[in-house]
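Read top to bottom, the protein sequences are chains A and B. Going by the numbering used here, the first residue of the first sequence is number 1, and it counts up by one from there. Going by the numbering used here, the first residue of the second sequence is number 1, and it counts up by one from there.
No lab work stands behind these hints, which were simulated from the structure alone. Watch out, some of these pointers could steer you wrong.
[What the hints assert, rightly or not] Straight-line C-alpha distance at most 27 Å; calculated BS3-like pairs for lysine-lysine:
| hint | chain 1 | residue 1 | chain 2 | residue 2 |
| --- | --- | --- | --- | --- |
| 1 | B | Lys115 | B | Lys181 |
| 2 | A | Lys183 | B | Lys337 |
| 3 | A | Lys187 | B | Lys11 |
| 4 | B | Lys301 | B | Lys328 |
| 5 | A | Lys135 | A | Lys58 |
| 6 | A | Lys187 | B | Lys105 |
| 7 | A | Lys89 | B | Lys327 |
| 8 | B | Lys265 | A | Lys187 |
| 9 | A | Lys183 | B | Lys102 |
| 10 | B | Lys265 | B | Lys173 |
| 11 | A | Lys183 | A | Lys271 |
| 12 | B | Lys265 | B | Lys308 |
| 13 | A | Lys58 | A | Lys38 |
| 14 | B | Lys337 | B | Lys301 |
| 15 | A | Lys89 | A | Lys187 |
| 16 | B | Lys301 | B | Lys327 |
| 17 | B | Lys11 | B | Lys68 |
| 18 | B | Lys308 | B | Lys328 |
| 19 | B | Lys115 | B | Lys105 |
| 20 | B | Lys181 | A | Lys187 |
| 21 | B | Lys105 | A | Lys183 |
| 22 | A | Lys89 | B | Lys337 |
| 23 | A | Lys183 | B | Lys115 |
[What the hints assert, rightly or not] A short list of chain A residues far from chain B (calculated; beta carbon distances all over 10 Å):
| hint | residue |
| --- | --- |
| 24 | Gly18 |
| 25 | Arg55 |
| 26 | Phe95 |
[Said to hold, decoys possible] Facing chain A, from chain B, some residues (calculated, C-beta under 8 Å):
| hint | residue |
| --- | --- |
| 27 | Ile76 |
| 28 | Phe78 |
| 29 | Phe80 |
| 30 | His82 |
| 31 | Ala84 |
| 32 | Phe86 |
| 33 | His88 |
| 34 | Lys102 |
| 35 | Ala122 |
| 36 | Ala260 |
| 37 | Gly262 |
| 38 | Val263 |
Since we're looking at a predicted model, the values are computed, not measured. Glycine included, C-beta positions come from ideal geometry on N, C-alpha and C.
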Amino acid sequence: MRILNKKTVLPGYGLSLGITWLYLSLIVLLPLSTLYIKVFSGSLNDFISAVFSLRAIKAYQVTFGLSFVSACINSFFGFLVAWVIVRYKIPFKGFWDALIDLPFALPTAVAGISLTWLYGPRGWIGSFLEANGYKVVFTPIGITIAMIFVSFPFAVRTIEPVLRDLDPEVEESARCLGASRMKIFLKIIFPTIFPSILTGFTLSFARAMGEYGSVIFIAGNQPLKTEIAPLLIVMRLEEYDYHGSASIAVFLLTVSFLLLLCLNFIQFWNKRYSGIT
Amino acid sequence: MSIELINVSKKFGSFVAVDNVSFSINRGELLALLGPSGSGKTTILRIIAGLERADSGSVILEGRDVTKEDPRDRGIGFVFQHYALFRHMTVFENVAFGLRVKPRKVRPSESEIRKRVMDLLALVQLDFLANHYPMQLSGGQRQRVALARALAIQPSILLLDEPFGSLDARVRKELRRWLRKLHDEIHVTSVFVTHDQEEALEVSDRVVIMNQGRIEQIGSPEEVYFSPKTPFVFQFLGDVNLFHARELSNGEIVFLPDDARGVEKRVFVRPNQISIALNLSEENPIPATIQYINTAGPMVKIELSDIKGNPLLAFISIEEFQELNLKKNMNVFLGIKSHHSFDSPPNF
Chain A
1 MRILNKKTVL PGYGLSLGIT WLYLSLIVLL PLSTLYIKVF SGSLNDFISA
51 VFSLRAIKAY QVTFGLSFVS ACINSFFGFL VAWVIVRYKI PFKGFWDALI
101 DLPFALPTAV AGISLTWLYG PRGWIGSFLE ANGYKVVFTP IGITIAMIFV
151 SFPFAVRTIE PVLRDLDPEV EESARCLGAS RMKIFLKIIF PTIFPSILTG
201 FTLSFARAMG EYGSVIFIAG NQPLKTEIAP LLIVMRLEEY DYHGSASIAV
251 FLLTVSFLLL LCLNFIQFWN KRYSGIT
Chain B
1 MSIELINVSK KFGSFVAVDN VSFSINRGEL LALLGPSGSG KTTILRIIAG
51 LERADSGSVI LEGRDVTKED PRDRGIGFVF QHYALFRHMT VFENVAFGLR
101 VKPRKVRPSE SEIRKRVMDL LALVQLDFLA NHYPMQLSGG QRQRVALARA
151 LAIQPSILLL DEPFGSLDAR VRKELRRWLR KLHDEIHVTS VFVTHDQEEA
201 LEVSDRVVIM NQGRIEQIGS PEEVYFSPKT PFVFQFLGDV NLFHARELSN
251 GEIVFLPDDA RGVEKRVFVR PNQISIALNL SEENPIPATI QYINTAGPMV
301 KIELSDIKGN PLLAFISIEE FQELNLKKNM NVFLGIKSHH SFDSPPNF
């Protein structure tokens, strides 16, 4: 344990390292590894049949597909909102600023109920859409809206500080060099904030993928159509199929882990210029 | 005439940054805008570049009124104090930026861009760093990249805002001599802003000295140093002692503190124009006490106080210092070798 014997200027290195390890193990590593141990102590056939049943595959498609769509939409509008908040003087800025964080704080069930009312056949927006032949509640569109709602703050709050830190002199020097506004945006601003957009995308994607509370109200939860993967886990549990529910959970966990890993690699590649490589 | 500013004024809220300033810059000249912070020098530079709009007055560039023109159409090279490099681009791409964003019709070919960028990097002696990112360079190197980038568009004027302001003292001196040499090679009309009088006097062909949004004096470094027009210029360009001397009716100036003849006159004396003697004489009539001696440096710096307790500063050579064998708290007599006074000194 050479690492523990290394002299550092800060006191309590060994102690704080121990606490950090213990805490992370208890909070993160232990629950996750229990899941894996539980699943892989069962038979492989059971695992495969649970994970790759038609209903499960459809549920993954709904979950991953719609999370992706909502993360894309959030990244775009999140950037837009962050841009407006940072760059423009708008009336009641503090109010709008606080509003962005609301989905963080709101219990997701509250969000689910209000969205279902709003977009339902008798809701303000829903009744109007219904009259024009669009159905939102109990369709993938409804699920997407709920996912967008709960993961929106991630997109804004990751882009905003980077946008704020942009040096105005950098844009001014691009202007002096003859760049148009469009070129300044495409060649200077966008590449600088792209890593933060990607981070916002990742966080919002992960949040949407794990969202349960608000989605189940608006989704309708029809198997093969609007059933999300987290709900399927609960369904299996209610059927006393503990191994099946754990199998799906492990699969979800692995896929989301791999997705995050991929995005982190892109991040890493993108930051190549920020230091000594 | 390359640049002409006519009655330019600019306010930020109620703060007057530039107050009715007019001056012109000759083609191929290296001009320094010198002044304390808040004197409006950077604002003037930004008005020339078009990054700031003047409230009134006009900017003439090569005979063309550009007052309302966008900076991107002015063809001006601007070097910022903090470099403002594009950190996600290599050094090469930074320098190539101005060429790459040109409209397709006038954009040089890829091989031309390559050649021009490498030539510029050779000029600033950084061709070996072409593929590095700005974060991997030192401050002095970054500033030279910024300079090469500004020169890439072949600007009619080069503007430099405190170009050496964020560098350490040694690099600063090196780089400013290098800039002077570079200017002698390429002769692009240049204006640089500084608050460092030594830098301005050493590098520029002419100096514009600014104070509170107005021009105090314009002239060659020798002119402003040896014949300052205002007390501000005299004070700003170096250490100074203020004497309340008296002017006699025949024009003679006497420094004796208890002399009651003539009328009072404020007289400015540079520290190296004060002589120190151990005994009272006609040349050294002013009694003073040594407070502090600093021998580190090319001259010995001696802080004194006169009999009223006013602080004085004198610089003498090391040889003279050793000969007199001066010590702290010694009583000595000062003489004035040369002095400067202004007919109507503003209050300060």
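Under the criterion that the straight-line Cα-Cα distance not exceed 27 Å, is the pair Lys135(A), Lys58(A) satisfied? Holds, at roughly 21 Å.
For the pair supplied as a hint, Lys183(A) and Lys271(A), is the alpha-carbon distance within the 27 Å limit? Cα-Cα ~22 Å, so holds.
Hinted pair Lys183(A) and Lys102(B), Cα distance within 27 Å: holds, 10 Å
Please settle this one: Gly18(A) was flagged as non-interface, so is its CB more than 10 Å from every CB on chain B? With a cut-off of 10 Å, Gly18(A) remains clear of chain B, as the shortest Cβ separation is near 35 Å.
Taking 27 Å as the top limit, are the C-alpha atoms of Lys115(B) and Lys105(B) close enough? holds, 19 Å
Taking 10 Å as the cut and beta carbons as the points, is Phe95(A) off the interface with chain B? holds, 26 Å
With chain A as the partner, please determine if Ile76(B) meets the hint condition of a C-beta pair closer than 8 Å. This interface hint holds because 6 Å falls under the 8 Å limit.
Mind checking the alpha carbons of Lys187(A) and Lys11(B) for me, to see if they're no more than 27 Å apart? Status violated; Cα separation ~33 Å.
Hint consistency between Lys187(A) and Lys105(B) [alpha-carbon to alpha-carbon, up to 27 Å]: Holds: Lys187(A) and Lys105(B) sit about 19 Å apart, inside 27 Å.
Are the Cα atoms of Lys265(B) and Lys308(B) separated by 27 Å or less? holds, 17 Å
Check whether the Cα positions of Lys89(A) and Lys187(A) lie no farther apart than 27 Å. holds, 25 Å
Within a Cα-Cα threshold of 27 Å, do Lys105(B) and Lys183(A) meet the stated pairing? holds, 16 Å
Hint violations for this structure: numbers 2, 3, 7, 8, 10, 20, 22, 35, 36, 37, 38, all remaining hints satisfied.
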